[in-house]
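Given the sequences, and given the hints that come with them, work out the whole structure.
In this text, residue positions in the sequence shown follow numbering that gives the first Met the number 0: the first is 0, and each later residue adds one.
This list has only true hints and no planted wrong ones.
Below, a list of computed lysine to aspartate or glutamate pairs in the DMTMM-like style, where the Cα atoms sit at most 25 Å apart:
1. Lys457 <-> Asp114
2. Lys177 <-> Asp79
3. Lys556 <-> Glu479
4. Lys571 <-> Glu653
5. Lys391 <-> Asp310
6. Lys45 <-> Glu602
7. Lys556 <-> Asp624
8. Lys690 <-> Asp702
9. Lys457 <-> Glu191
10. Lys343 <-> Glu296
11. Lys501 <-> Glu547
12. Lys391 <-> Asp208
13. Lys271 <-> Glu290
14. Lys556 <-> Glu576
15. Lys320 <-> Asp334
16. Lys343 <-> Asp326
17. Lys478 <-> Glu562
18. Lys572 <-> Asp624
19. Lys727 <-> Asp687
20. Lys442 <-> Asp454
21. Lys541 <-> Asp620
22. Lys32 <-> Glu345
23. Lys593 <-> Glu537
24. Lys291 <-> Glu276
25. Lys501 <-> Glu656
26. Lys555 <-> Asp502
27. Lys295 <-> Glu390
28. Lys646 <-> Glu562
29. Lys144 <-> Glu191
30. Lys543 <-> Asp114
31. Lys383 <-> Glu290
32. Lys192 <-> Asp114
33. Lys556 <-> Asp616
34. Lys567 <-> Glu656
35. Lys623 <-> Asp114
36. Lys697 <-> Glu713
37. Lys611 <-> Asp114
38. Lys572 <-> Glu359
39. Lys657 <-> Asp552
The hints are simulated quantities; they were obtained by calculation from the structure and are not laboratory data.
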Amino acid sequence: MQQDTNEITDLANRFVNNTQRHIFLTGKAGTGKTTFLHQLAQETFKKVAIAAPTGIAAINAGGVTLHSLLQLPFGAFIPDDTYVFDNGYGAQLNTPRTVKANFKINKTKRQLLQDLELLIIDEVSMLRADLLDCMDTVLRHVRRKKQEPFGGLQLLFIGDLLQLPPVVKEHEQRILSKYYGSSFFFAAKALEKSPPIYLELEKIYRQQDEAFVGLLNRFRNNQVRPADIDLLNSYYRKDEANTEDTIKITTHNQKADHINQRALQQLSGSSKTFNAEVFNEFPENMYPVSEKLELKESAQVMFIKNDSSEDKRYFNGKIGKVLSLNDSTIEVVCDDDEPIAVEKYEWENIRYTLNKATQEVEQQTMGSFRQFPLKLAWAITVHKSQGLTFEKATLDLSDAFAPGQVYVALSRLTSLAGLRLSSKISNHLIAEDISVIDYAQNKRPADALSRQLLDDQKNFVRSYTIDAFDFYKLINAFKEHIKTFNKEESKSAKQQYLAWTKDLLNEIGPIQQVAVSFQKQLVKIIGQEKHYLPKVIERVDKAKNYFENLLSDIQKKLNEHIETLQVKSKVKKYTKEVELLEAQVYAQRQNINKAALVLSNLERGEQLTKEKLSATDLAVDRSKDLANRQTKKVKTPTNEISYQLYKEGLTIEEIAEKRELVPGTVANHLCHYIRQGDIPVLKFISEDKLKNILEVSKVIASDKAGDIKPKLGEEYTYEDIRFAMAHKRNKEA
0 MQQDTNEITD LANRFVNNTQ RHIFLTGKAG TGKTTFLHQL AQETFKKVAI
50 AAPTGIAAIN AGGVTLHSLL QLPFGAFIPD DTYVFDNGYG AQLNTPRTVK
100 ANFKINKTKR QLLQDLELLI IDEVSMLRAD LLDCMDTVLR HVRRKKQEPF
150 GGLQLLFIGD LLQLPPVVKE HEQRILSKYY GSSFFFAAKA LEKSPPIYLE
200 LEKIYRQQDE AFVGLLNRFR NNQVRPADID LLNSYYRKDE ANTEDTIKIT
250 THNQKADHIN QRALQQLSGS SKTFNAEVFN EFPENMYPVS EKLELKESAQ
300 VMFIKNDSSE DKRYFNGKIG KVLSLNDSTI EVVCDDDEPI AVEKYEWENI
350 RYTLNKATQE VEQQTMGSFR QFPLKLAWAI TVHKSQGLTF EKATLDLSDA
400 FAPGQVYVAL SRLTSLAGLR LSSKISNHLI AEDISVIDYA QNKRPADALS
450 RQLLDDQKNF VRSYTIDAFD FYKLINAFKE HIKTFNKEES KSAKQQYLAW
500 TKDLLNEIGP IQQVAVSFQK QLVKIIGQEK HYLPKVIERV DKAKNYFENL
550 LSDIQKKLNE HIETLQVKSK VKKYTKEVEL LEAQVYAQRQ NINKAALVLS
600 NLERGEQLTK EKLSATDLAV DRSKDLANRQ TKKVKTPTNE ISYQLYKEGL
650 TIEEIAEKRE LVPGTVANHL CHYIRQGDIP VLKFISEDKL KNILEVSKVI
700 ASDKAGDIKP KLGEEYTYED IRFAMAHKRN KEA
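Following this line, the structure appears as structure tokens:
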């Protein structure tokens with residue numbers, strides 16, 4: 000029985016947010032997989048990254064490539080450390096041992112991968128089984144959880160296996176076939192003991208033609224009948240190459256390019272070339288559209304993006320004709336509608352970073368690519384048509400080399416009424432990879448999935464709460480920090496804070512002992528209680544209050560220490576180290592807070608979202624703290640800091656000691672406020688001294704301390720003279 004799409008997306012959301020189970024979300028073209036991906040990434044409370052097997056797929060998904068995220072080696076991966084490299088392809092082969100031996104990663108990237116909770120992999124049809132096993136090796140290694148698949152990271156696979164398959168070279172296939180029954184991701188060794196839940200979106204939004212939907216379903220299920228082939232071939236037309244207002248879908252880039260260029264040349268008038276604007280890092284192999292776009296008026300073009308404005312004037316795959324061209328806009332008319340003024344669109348090349356202050360995973364823009372979201376549309380390849388929608392298209396599949404190409408090309412259309420064939424479809428292109436058909440049998444009915452969800456949810460509650468109350472990482476961060484106090488105090492200003500830091504660690508140390516005892520209680524309750532959730536919530540709330548008091552006190556001490564350090568110039572590096580410690584204390588508090596929120600939402604049958612999490616008092620207060628800290632860092636001039644300390648009652652010598660400056664520098668800071676009239680000069684020198692200094696200055700006609708000092712006695716300092724001159728300027732003003 001076909002399940003409702005909302006039911007499937009709801010199940011997918013619950014498996015993602017309430018379990019650690021891997022998920023495979025599939026569905027026919029046009030069922031809303033991409034929409035679900037972006038909505039989930041926006042809403043989930045988990046620390047998430049999006050990746051794809053290829054650069055263009057990563058740009059379209061709004062993520063990064065798997066190779067760049069995990070720093071994977073190129074070439075085939077053999078899941079066997081005993082493999083002997085004797086085949087002449089040694090430089091292109093990797094094993095678990097060679098991957099770990101050559102793996103290099105900086106501390107920041109390591110922490111990012113350790114903190115990730117969810118990895119979404121789009122266009123999974125192109126993900127090879129051996130690459131997934133290579134990912135497993137890297138993640139177990141970097142996350143230091145060698146016994147858990149992917150180092151305990153949850154994976155969400157999204158894609159349609161009946162679209163383009165993984166690319167495996169012939170010499171690689173000879174070797175890999177000894178280890179893998181299929182090249183598709185589901186054949187990976189890492190998934191044998193932790194197979195993903197199979198969820199399929201079945202409601203098609205692209206096609207409303209029931210006969211066409213039924214035909215596509217039979218393609219997917221390897222049930223194509225001779226009558227289906229006859230039906231498709233009835234749309235064969237010899238003269239379709241000259242059909243206007245339609246696009247030809249073909250199999251190879253060279254053929255598509257030739258058709259487009261020939262059609263462009265046949266148009267009258269001169270052409271105009273639009274060059275893309277590439278900023279910073281944006282590799283050529285990730286360009287979403289041609290760097291040079293050559294067009295003429297009346298050229299047939301296709302939009303390659305959805306209109307992001309409220310008007311929604313065009314969509315990805317909409318066909319039109321160029322009406323006019325100028326440097327900033329291109330006017331395109333579609334189906335006698337009002338002309339659309341098209342402007343350049345900006346694609347971003349991102350990378351994921353861990354915000355050191357908030358400990359959240361964030362996107363950082365590395366570069367951008369600006370170009371008109373258009374391309375010549377007399378022809379396009381099957382590969383580049385993925386994700387597009389056409390009302391009319393001519394299919395040239397005479398050179399098709401994979402059964403999936405026929406399905407992909409057909410499923411771009413909204414109905415059979417818009418189909419034209421320039422070559423007949425051969426029966427030999429119908430049979431699909433039998434391993435894909437067999438894997439589809441893993442799809443389970445909704446009631447079985449609901450039971451599975453309850454079991455996985457219980458395991459998730461246990462592991463998530465235990466991890467939230469694990470203080471090992473925090474304590475280890477303090478221990479590692481203490482190891483950096485390794486110089487004599489005369490050589491490093493931070494050494495004076497060693498005793499203070501050790502005292503703070505002594506406060507944190509006993510917390511772990513209490514936490515271990517609490518973790519054992521949780522395991523016992525979850526294992527023995529049938530209705531475990533209310534009791535777990537009760538215990539977690541009590542534990543949260545206990546640990547919250549301790550952690551907030553430690554964080555307060557760190558914040559006060561940071562404020563003290565910010566007025567000193569010789570401990571900037573040390574200040575950053577303390578800020579990182581404070582951020583990790585906050586992250587521990589946030590983890591406990593998240594665990595409590597996950598449980599309370601579970602009990603109410605609701606989902607914890609990123610929006611709900613960011614609205615908590617803890618998150619709001621954190622944002623204010625960081626904003627205040629940044630304001631002090633950026634906007635408070637050094638002389639103002641000295642002035643504020645003076646107003647608090649500190650002497651020049653005390654300010655100098657606190658800020659680790661020489662007294663003369665502090666005196667210079669305060670001269671500024673004497674000139675402004677904010678500080679009376681007699682606070683620093685006597686009236687007699689002031690009178691004598693001003694008299695000498697007048698006689699020698701100079702305000703320079705170097706000229707005045709020799710004319711006075713030894714009891715006069717350079718600071719005295721600067722104070723007097725500041726007072727003089729105030730009076731003159």
